[in-house]
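There are 2 protein chains.
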Amino acid sequence: MTSSYQPMGSRWYHNIPVISSLQWLRQHHQHHTNTGHSTRQQPHEPIRPNEGISHDYQVRQRQQEQIATSDLVTRQTMIWDTPLPLDSGQQLAPVTLAYETYGRLNEQRDNAILLLHAFSGDAHAAGYHHPSDRKPGWWDEMVGPGRPFDTNRYFLICSNVIGSCCGSTGPSSTNPATGKPYGAQFPVITIADMVRAQVRLIDKLGINQLMAVAGGSMGGFQALEWATAYPERVRGAILLATTAQSSPQTVAWNAIGRRAIMSDPRWRQGDYYDHEPPADGQAIARMVGHLTYVSSLSIDAKFGRLFHQHEGPQFTLEPEFEVERYLEYKGTSFNKRFDPNSYLYLTRAMDYWDLPARYGSLDAAFSRSQARFLVLSFSSDWLYPPSESQRIVDALCRVNRPVEYAELPSNAGHDAFLVNHHVQSPFIEQFLNSLTVKELTLGA
Amino acid sequence: MTSSYQPMGSRWYHNIPVISSLQWLRQHHQHHTNTGHSTRQQPHEPIRPNEGISHDYQVRQRQQEQIATSDLVTRQTMIWDTPLPLDSGQQLAPVTLAYETYGRLNEQRDNAILLLHAFSGDAHAAGYHHPSDRKPGWWDEMVGPGRPFDTNRYFLICSNVIGSCCGSTGPSSTNPATGKPYGAQFPVITIADMVRAQVRLIDKLGINQLMAVAGGSMGGFQALEWATAYPERVRGAILLATTAQSSPQTVAWNAIGRRAIMSDPRWRQGDYYDHEPPADGQAIARMVGHLTYVSSLSIDAKFGRLFHQHEGPQFTLEPEFEVERYLEYKGTSFNKRFDPNSYLYLTRAMDYWDLPARYGSLDAAFSRSQARFLVLSFSSDWLYPPSESQRIVDALCRVNRPVEYAELPSNAGHDAFLVNHHVQSPFIEQFLNSLTVKELTLGA
Chain A
1 MTSSYQPMGS RWYHNIPVIS SLQWLRQHHQ HHTNTGHSTR QQPHEPIRPN
51 EGISHDYQVR QRQQEQIATS DLVTRQTMIW DTPLPLDSGQ QLAPVTLAYE
101 TYGRLNEQRD NAILLLHAFS GDAHAAGYHH PSDRKPGWWD EMVGPGRPFD
151 TNRYFLICSN VIGSCCGSTG PSSTNPATGK PYGAQFPVIT IADMVRAQVR
201 LIDKLGINQL MAVAGGSMGG FQALEWATAY PERVRGAILL ATTAQSSPQT
251 VAWNAIGRRA IMSDPRWRQG DYYDHEPPAD GQAIARMVGH LTYVSSLSID
301 AKFGRLFHQH EGPQFTLEPE FEVERYLEYK GTSFNKRFDP NSYLYLTRAM
351 DYWDLPARYG SLDAAFSRSQ ARFLVLSFSS DWLYPPSESQ RIVDALCRVN
401 RPVEYAELPS NAGHDAFLVN HHVQSPFIEQ FLNSLTVKEL TLGA
Chain B
1 MTSSYQPMGS RWYHNIPVIS SLQWLRQHHQ HHTNTGHSTR QQPHEPIRPN
51 EGISHDYQVR QRQQEQIATS DLVTRQTMIW DTPLPLDSGQ QLAPVTLAYE
101 TYGRLNEQRD NAILLLHAFS GDAHAAGYHH PSDRKPGWWD EMVGPGRPFD
151 TNRYFLICSN VIGSCCGSTG PSSTNPATGK PYGAQFPVIT IADMVRAQVR
201 LIDKLGINQL MAVAGGSMGG FQALEWATAY PERVRGAILL ATTAQSSPQT
251 VAWNAIGRRA IMSDPRWRQG DYYDHEPPAD GQAIARMVGH LTYVSSLSID
301 AKFGRLFHQH EGPQFTLEPE FEVERYLEYK GTSFNKRFDP NSYLYLTRAM
351 DYWDLPARYG SLDAAFSRSQ ARFLVLSFSS DWLYPPSESQ RIVDALCRVN
401 RPVEYAELPS NAGHDAFLVN HHVQSPFIEQ FLNSLTVKEL TLGA
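Chains A and B are the protein sequences, given in the same order.
Residues in the first sequence are numbered from 1 upward in steps of one, following this note's numbering.
Residues in the second sequence are numbered from 1 upward in steps of one, following this note's numbering.
The reader is advised that the hints may include incorrect statements.
As the list claims (entries may be wrong) - Some, not all, of what chain B presents toward chain A, calculated at C-beta under 8 Å: (1) L105; (2) C166; (3) L205; (4) S247; (5) S263; (6) D280; (7) M287; (8) F303; (9) I428; (10) V437.
Just so you know, these hints were derived from the structure itself, not from any lab.
Glycine included, C-beta positions come from ideal geometry on N, C-alpha and C.
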């Protein structure tokens with residue numbers, strides 16, 4: 001049940017009650033549909049302090065369960081030999097982009113929604129790849145029949161980004177010039193470069209205008225890029241826990257992560273693919289990152305000052321608080337699914353994200369847009385705080401663009417958009433509903 | 001002028017205007033006194049965005065200036081062969097404690113104030129050690145004639161802590177059992193252990209009751225320990241930017257720092273004193289720490305999104321934003337003065353800090369105290385936020401102990417107590433004044 005983004009909030013824990021396998025199956029697969037998704041009923045219980053760790057281990061130790069065939073989805077790829085021009089002046093070729101789709105494109109081809117993932121996410125937003133998968137895609141509770149991104153009504157596309165290690169061209173891909181992985185020879189990319197590749201995908205899918213683009217965090221960067229650089233192709237933009245300009249503090253956190261990876265002797269200037277990867281460096285980077293994704297409140301609620309297996313201190317330098325052990329687990333487990341070089345390139349792309357600098361001002365950027373906007377921020381998100389969403393909203397209002405905004409109450413920190421579905425869902429559902437009424441959309 | 005705690009706020013930069021050496025001398029040494037301190041007039045100019053970096057480099061590159069003899073202070077040490085009992089059940093012997101004093105103990109021996117430093121501080125609170133010193137002690141603007149801790153009136157003692165690498169017994173000290181540095185064989189210590197050693201120092205100085213104990217951050221932990229474990233020996237307690245219980249989030253930040261150091265192959269299980277130290281690990285730990293000491297606001301104001309020597313991105317993975325380069329500098333320069341093993345031991349002592357757990361509740365802890373309290377928090381401190389000071393104040397009120405509290409406006413984050421002197425000084429001056437009127441002090 002763990003989202004691939006490793007959320008730490010309510011969903012992550014309280015959906016795994018201590019029940020028998022049979023009960024679990026019944027609860028999770030009782031409503032199969034013919035759209036490739038179940039309507040799993042997952043109760044939202046209040047978080048109980050310190051139940052996190054034990055459930056975490058339960059998840060890991062739980063016997064693999066059979067996933068219904070109707071829940072299976074497949075990762076797809078598109079490949080282009082035509083070089084992709086990059087902001088740096090370099091070109092990238094060939095370019096592979098991984099994506100998944102859910103639901104069906106209608107005849108008018110006007111019900112497509114592009115889902116854009118955050119830093120460590122991937123194209124696998126919903127469903128299961130294999131019957132033996134331990135968990136579904138990272139936004140599974142948001143995508144499916146009857147869910148906010150309703151696969152009975154909309155055609156969902158979730159696109160990966162270039163620079164990633166999850167099926168698209170990135171530093172671990174083969175450099176055609178050498179026949180070896182790019183490593184640190186991969187060109188430095190930007191959010192605009194990522195979207196430039198996605199435009200090719202949307203073209204290829206035969207979609208002229210997206211009903212909506214939607215994303216949180218770095219996914220929000222891409223959604224903003226879509227709405228301003230390709231205004232005529234976006235009817236609605238859903239921006240969650242995001243910003244129009246990476247703050248110096250987020251640049252600094254990213255710099256620490258990069259420093260940790262590049263200081264690991266096993267990084268070898270990025271050329272480690274034939275050796276052990278810089279796992280310590282990336283674990284440290286992820287530990288830092290993870291702490292910035294959650295709030296002090298959520299850590300208090302989940303771990304408090306509990307010691308692992310003891311009542312008090314054991315007078316050791318080794319991890320002995322539950323919160324330490326949890327963070328350690330988060331750091332090391334991340335190495336199983338993420339390439340340290342992608343960590344470097346994607347964080348750098350985020351650092352460069354600066355929409356006002358691109359067009360002279362945020363007002364100028366949004367003057368280009370033709371979309372309606374839904375902006376949601378979360379009260380305890382200190383990485384992309386509500387004030388940064390408010391800046392987006394203020395600029396949209398100044399240039400008279402339609403926007404709805406809510407600061408949602410949440411203790412989950414930045415990860416809220418990945419875990420506090422019940423809070424954000426009504427806003428997203430309503431916004432998408434309104435987009436289907438074409439008369440309401442405005443031109444520039 | 002950089003405090004040894006590496007503050008990032010106003011003091012650190014704007015006290016180094018671009019002036020000639022002669023002007024500098026005149027400004028900084030015009031009012032010599034006979035107490036070993038000058039009354040340097042340092043104007044408090046508003047911070048200008050992005051002036052930080054250039055001033056930083058000015059400091060480093062400035063020609064060393066002559067320090068007046070009257071400004072010189074000496075680090076002293078006391079050594080005990082009697083084993084010091086530790087909370088872990090172990091004993092430490094011999095024990096050396098480094099300290100400095102400023103001003104004079106009066107005949108009644110009732111004007112002594114014990115200054116307690118933060119995590120990476122030392123006994124050198126004020127003045128200069130050598131004529132060639134580039135900067136004075138870490139709280140120089142707070143300690144001296146006419147300053148809040150007025151050396152014309154009070155006898156100031158600044159004590160180092162055991163576990164430190166700044167003159168007191170710590171992991172880099174010789175283990176008498178082996179004749180080699182302790183390294184990771186040093187016993188794990190607590191705040192109570194640190195204070196237990198300080199009690200010996202105060203005994204030896206012939207001081208029965210301290211007029212006050214004062215400290216910020218980990219210095220506040222020690223002040224709280226003094227006021228509750230040795231209630232009859234403390235008349236007043238000044239607690240700045242501190243907490244009665246290390247939050248799970250601060251434990252987590254510390255865990256990341258330790259992970260970085262212990263993952264550095266040069267750490268060698270703590271036994272690196274004959275080799276290169278784990279400098280990369282400690283640099284990363286310090287970068288993380290430093291970011292937690294400052295606020296997003298102060299980073300914005302000082303660095304914004306400025307690139308170093310360029311107008312825009314150079315499309316490189318290397319540090320190119322000013323904030324990245326600054327953080328890098330903070331990390332690497334820290335290695336010149338701090339022992340990575342001390343980083344491990346002192347952060348662990350901070351993790352264990354839990355006054356309510358010790359006595360059953362915070363109310364029970366403060367029921368023991370006989371001191372008057374001054375509690376100051378800073379609005380932008382998110383590491384030890386005002387809410388944690390408020391918890392101390394609430395408990396003191398519940399058990400009817402005299403306390404004054406202010407949440408002071410500051411953009412400097414946790415470091416405010418080291419840099420926003422003008423904000424905290426009036427409260428401290430007034431509080432110390434009131435302590436000299438003995439009738440006002442209350443018994444338990």
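A quick look at each hint next to the structure:
1. L105: violated, 36 Å
2. C166: violated, 20 Å
3. L205: This interface hint is violated because 30 Å lies over the 8 Å limit.
4. S247: Check passed: Cβ of S247(B) comes within 6 Å of chain A, closer than 8 Å.
5. S263: For S263(B), the interface hint holds, since the closest Cβ of chain A sits about 4 Å away, which is under 8 Å.
6. D280: holds, 4 Å
7. M287: holds, 5 Å
8. F303: holds, 5 Å
9. I428: violated, 28 Å
10. V437: Where the cut-off is 8 Å and the nearest Cβ of chain A is about 39 Å from V437(B), the hint is violated.
Of the numbered hints stated above, those contradicted by the structure are hints 1, 2, 3, 9, 10, listed in ascending order.
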